[in-house]
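J.: Sequence:
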Amino acid sequence: MGKLLSSPKLLALPLVSGSTFNFRRRGSSGASFGFGWFGGPIPFISLPAERVAYIGSYPLLNTTVMFWFGGLILIFLAWRATRKMSDVPSGLQNLFEVIYEFFGNTVDGVAGGKAKAGRRFLALVSTIFLVVVIINWVGILPGVGSVGRIETIEEWVHHHLPKVEAKVQEKHPEYTPGFQTEAAALVHLLEDHGEDTFVAFDGSIVPLGRGEQARVPLNKIITFSESGLHQIEEAIHDGDDLDGLPLLDSIHSDIKKGVVQGEFVYKGQDFKGKTVGLLVPFLRGASTDINTTLAMRWLQCLRCRFGVSGHWGFVLMVVSFLSIPFLKGRLQPL
1 MGKLLSSPKL
11 LALPLVSGST
21 FNFRRRGSSG
31 ASFGFGWFGG
41 PIPFISLPAE
51 RVAYIGSYPL
61 LNTTVMFWFG
71 GLILIFLAWR
81 ATRKMSDVPS
91 GLQNLFEVIY
101 EFFGNTVDGV
111 AGGKAKAGRR
121 FLALVSTIFL
131 VVVIINWVGI
141 LPGVGSVGRI
151 ETIEEWVHHH
161 LPKVEAKVQE
171 KHPEYTPGFQ
181 TEAAALVHLL
191 EDHGEDTFVA
201 FDGSIVPLGR
211 GEQARVPLNK
221 IITFSESGLH
231 QIEEAIHDGD
241 DLDGLPLLDS
251 IHSDIKKGVV
261 QGEFVYKGQD
271 FKGKTVGLLV
281 PFLRGASTDI
291 NTTLAMRWLQ
301 CLRCRFGVSG
311 HWGFVLMVVS
321 FLSIPFLKGR
331 LQPL
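Start counting the sequence shown at 1; every next residue gets the next number (the working numbering).
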């Protein structure tokens, strides 16, 4: 026991492990096992990044914010490490020298040939590695992916309806574009996504512990029935006036309200009347954006083709191609 107390590292290991397990048990990971007291809903998962704001006409994305935040951290650390360099390194300078030596030896071993042959690739390889590490680390900070705005049911319908409208218009060109097509698309949307679930908010926040199990299905938010949707379809097909159709007006009203209409009880709490929607995070890990990977790939291609590492190879290729007519004569057509 005395040895354990005299060694801070041995004492810190069980404390950190226990704390990590406790937070995971109380968070969203523990919700599947009956815990999850601090758990929250999983944010809306989207392949393209979500817009946070506009800077002039430039749409600022949540992944862009995190990418530049990670880049600024890396620049700051590099500045701190090289601000007061000494022959006997310590602290951040020592860490960065270890990283430099590791990558230097790695690229030299991969490049082969004469000594330090891979140093021309060193800046590219080490920069990409450090950027990826930093943006992944800042992507797991508290608040990233869990703090954002509410995408209302009206917004959700507005985002999904155009694709369905295009399919309806293609299948039924006789429908009047806009009104009949929109009504038919709305019917198909409710039929296909009636079981999709949404987050229930208390105003603009989600209380701790209200995780994925407390999501409300769309058919509890918008009041409709299968027979009612068939009636709307028949009215559209017969060319009836849809402007005064009570069921269609009721659906539009429920979409605009965006609250739980039907009875939905979870752990003894009735969610009727609560605002529902999707959580769109203000901040999202840059690595989740496919454009980050694409940008790094383009950077590598341009660097190897036109950069320092590939410049002379590219120049020699062009020169050798242009010198063919002079060295071997003009090419004759087949």
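Check each hint, because a few of them may be wrong.
As the list claims (entries may be wrong) - Once the Cα atoms are required to be at most 30 Å apart in a straight line, the calculated BS3-like pairs of lysine-lysine come out as:
no., residue 1, residue 2
1, K114, K167
2, K257, K274
3, K163, K257
4, K163, K84
5, K167, K256
Hints were generated in silico from the structure; no laboratory data involved.
J.: Does each hint hold? Answer for all of them.
T.: Quick rundown of the hints versus the structure:
Using a Cα cut-off of 30 Å, the hinted pair K114 and K167 is violated, with the two alpha carbons roughly 62 Å apart. Annotation: proposed proximity of K257 to K274 holds, straight-line Cα distance about 10 Å (limit 30 Å). At most 30 Å may separate the alpha-carbon atoms for a hinted pair to count; K163 and K257 meet this at roughly 23 Å. For the suggested pair K163 and K84, the alpha carbons sit about 58 Å apart, so the restraint of at most 30 Å is broken.
For the hint pairing K167 with K256, the CA-to-CA distance comes to about 24 Å; that is within 30 Å, so the pair holds.
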